[in-house]
Amino acid sequence: MLRFLFAMIIPFLIFVYTMSFTRWMGKERHLAAATSAALLGALTLCASGATLWKLLT
Amino acid sequence: MLSKYASMLKRLITVNESVLDEQFTLLDDESDTSYDEDGNKRGPEVIDFDTDENKTQTAKRPVSMRQFIRRGAALYNEAVRKAHVGQDDDLPVSIDQMKARLERFFHLPQNKDVVIREFSVGVHAKQPWRGLAVFVDGLADKTVINHDILERLMLFTQFIDDEPRRNMEYIQEKILTSNQTAMLEKWSEVIQAILAGSTVVLLDGCNGALSVETKGWEHRSVSIPQTESVVRGAHDAFTENFRTNTGLIRSRFRSEHLVTEIYSVGNLASTDVAIMYVHGMTNPKLVREVRRRIEAIDVDYIDSPGVLEQFIEDEPRMIIPQVLSTERPDRVAASLAEGYVAIVVGNNPFVLIAPVVLYSLIHTSEDANLRFYAGTFIRGLRWISLFIACLLPALYVAVTNYHPEMLPTDLMLAIAGSREQVPFPVIVEVLLMEFAIELIREAGIRIPSVIGPTIGIVGALIIGQAAVQAGIVSPLLVIVVATTALAGFAIPNYELSMAVRISRFVFLLAGAFLGFYGVAILLCVSVVRLSMQKSFGVPILSPIAPTKASAKDVLIRGPVYSMNLRPSFLHPLRSWRQQPVTRPWSAPTGKRAGRKGNDQA
Amino acid sequence: MKNQEGKASVAGRELTALMILVVATNAFLIYPQYVSQSAYEAAWMEPIVSGALTLVLFYFVEWLMRKYYPQLDIVEVSKEVFGRVIAALLAMLFAAYFICTTAMVVREFTENVIMTVLPATPILLVGAVFMGAVGYIAYAGLEGISRTAYIFLPILLIGLVGVCVATMNWWHPAMLLPFWGTGIPRVLTGSLEYSSVFSNVLLLTIIYKHAHNPRQMRRIGSVSVTVSTLLLCLLIITYHMVFPAVESEQVSFALYRLARLIYLGPFFQRLESVFIFLWVTAATVKMAVTLWCSAYLLGKAFGWPTYRPGIPILALLSWSIAMWADSWVQVVDLDGRYLLRWGWTVVFVLPIVVLLLGVVGRAFKGSTGEPGERRRRRRGITHA
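Chains as they are written, first to last, in our numbering: chain A, 1 to 57; chain B, 1 to 601; chain C, 1 to 384.
By construction, these hints were calculated from the structure, which means they are not laboratory data.
Even for Gly, the Cβ is constructed at its ideal location relative to N, Cα and C.
Where hints are given, some of them may not hold.
In silico BS3-like cross-links for lysine-lysine, where the CA-CA straight-line distance does not exceed 30 Å [claimed, not checked]:
#, chain 1, residue 1, chain 2, residue 2
1, B, Lys285, C, Lys209
2, B, Lys534, C, Lys209
3, C, Lys67, B, Lys548
4, B, Lys215, B, Lys186
5, B, Lys548, C, Lys209
6, B, Lys112, B, Lys186
7, B, Lys186, B, Lys174
8, B, Lys99, B, Lys82
9, B, Lys215, B, Lys142
Heads up, incomplete: computed chain C residues facing chain A, CB under 10 Å, no partners named [stated by the list, open to error]:
#, residue
10, Trp304
11, Gly310
12, Leu314
13, Trp319
This is chain A alone, in the form it adopts within the complex (with noise of 0.2 Å):
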């Protein structure tokens, strides 16, 4: 579990840049835009998550 919660370190990284590149999008009115990047950033935070809880825990 500890290993599992420290592996998840560097995704969660990347999905906190993904949300603020969606942010910004937001911000300058690319409103598909930032959806399909925040569905995306939400997916692979999923799919990572799985991934590493199954190979970790």
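Following the hints, put chains B and C in place on chain A, whose structure we already have.
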């Protein structure tokens, strides 16, 4: 004797004011306000951002970055303005006012460097015509001042006419036999002239100053290059004199199209910066870019090309230099002829060449002087040494740790045998040795030359014999590290060899953690990084990536008679540097020449 | 930075190198195993047939692009043909293909690395290092990738040819007989099935507008397809001359097996570790291309102002997919059954169908084909 002990005892047991710790501490100075003063009057009231009130406020409330920058810029501009208050004014007419101003500007009488020599023109004048000669002691040539200024004005001049301005012009035209004179109108020009070593002559009743060129400070004469020696080629190097350096370049590159633009950089103390290029051949866009970057420098003081470099480089955080620094006039001249721009900075024996591509950091000026077989050979040697210096320790660690099977069995046994007594893991061993080598290298530079030979003995003993005998390192590793160090010294450019020195450790770590895999990945990443890097808009790996047509002067050195084109990545205005057929009388080489010019080397 | 992807323009040689590298990297992957399975001794013919097919299609698509869509890429074309929604779906499909390819390649190479040189290192770490490097390279953009490809191409060429030549002592040309292997029909179907390794056509539709000089495209295509066909063919021939075809269908890492054999006297033996440099550099460039393509397509489809910030998350996604499979066998099976087998639909059919429909649609509408209007519309879409 007894009394001495008694006094010591007494000092031990008495308590007086010496127990108060009253050492000097450097703090802000509020008592001396003289720096606020300008020429004649006090400067306008300035907002003091350093008051306690402001300080506590900034401590409590964080400011936004933009605000912080704006505040910093305001402070800096204010400081610069304050340092130059009154210098934009025109010269006054009265000699006393002039003297008072000068004393303010140069902080006389505390400042003993600036000499204000008062004299009067003519021996038998009805009324004395007073004048001042101002110069900096140590910068100006006293013989010239004595003989060509003071002697002429004081002894051999007689004016009947009373119009001072016309007399001043007469002096400039007829009396002072100096090779460079100029009439100055503003205080800022006067001050710059004095600081540059000229002597400024001021005369009563005349609101113009006569600057007479008297530069004559001591400097090293032109001598052999310290860091870029060659066997075959010129043996002169730049020296610590701006004008000598530009002269050395011009003496080699005798073209009326060679232009030297001089800028002065630095708000507190100015430094001359010269941009040299060939008009009508060097890409004007490149020249404009260099000019733009140099003009944008807004700092108090820059003294050397190494510092200026960091202000004008494309990416100063990059480990590879993006300008070429050289101390060889012939190299600068050759680069100018190819379409590069040279930047001479102040009194410094290094001249910058911009832009730079990675390949020219491996070249030396000797390559072109040798026959092309030899030139290619030594150039290839340097390429290999670049890779060795970067990768060899990493590969050694990777092989011994992860891939021992690729070594021949005998060699592997030999390594294992030599490592039998060594208690550390390979990486520790390598790091120890690399550290020792780096120490020797650094100490070798810093050590006073009197005890210089010691370093060789000590180093050789530690690195060579003792470490092996003590069983700290294996003998094979000594060879690896020594080869690496030698290869590092074979890289001609000092900045590049520094970069290699540092990246060697990164590769070492990659090799220690992930073997060849780590090294390969790191290599990939660094190649990508390099391929994206530009130097003054020129990709640093061109002409190979991106591919550009170029003469065979990149990885190898082609025959000079067939290198017809200038480097196309510079986009020079004249792309051909010689006739397509340069040896028309020669059957075998004459025909080949034209075709070869376009080849990719 | 904002318009970096719009401005990127790449010279012909670099694009050639890029395409060669992308295709020839399949030599290190499971492609040899699958063609061996389908054609046995005649496996070396399959890359030739696929290559010829690719070349024809490449010329056709290049002609279409040049004639009808000189400044557009596949997403922009499909936007023009089907409208935004379907274009986005198509782009997502392409991007998904590229992400899955990246994932497969990263997993296969990670397994290779672990199998050959770093048996004790955790797979997560090796994969993460790979993906980090690939992400960094893809972030540098098409220019950086293709320049890197150009620099590393000689290594790949020397290495591949070196492996083939250095095993000369083990060559048994008789092992290439019977000449037609499993028979002509199976060779032909195998060539079609596994032709997706030649992703040139799809790449062309994406990269076309980034070419420094689109006129060179024809040459770029023919050189890259020919060279990579030759490389693949050479490797498979050598492989089959050294190992019997029946045996070779079971081994998934042909090049490594060959490299292990090299023995040129006691000082040049067991050189497989040296080939790590080869695999890693080629694989990184290939994955960087696929990752870049997926980011670029997604960015185009959804109107991202720049694709770059999408690279890290896509790299993470590929990595997660790559690490999901339980074992090497499963990966090979998945790759063979889906990606390699059906990849040709995405790589060849889909782009051609889209382009053709576009041409047909334009012929019907007629007036919409005005260049000025088209450009205006495109601009409106890219900044939407």
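query: So which hints don't hold here, by number, going up?
result: Violated: none.
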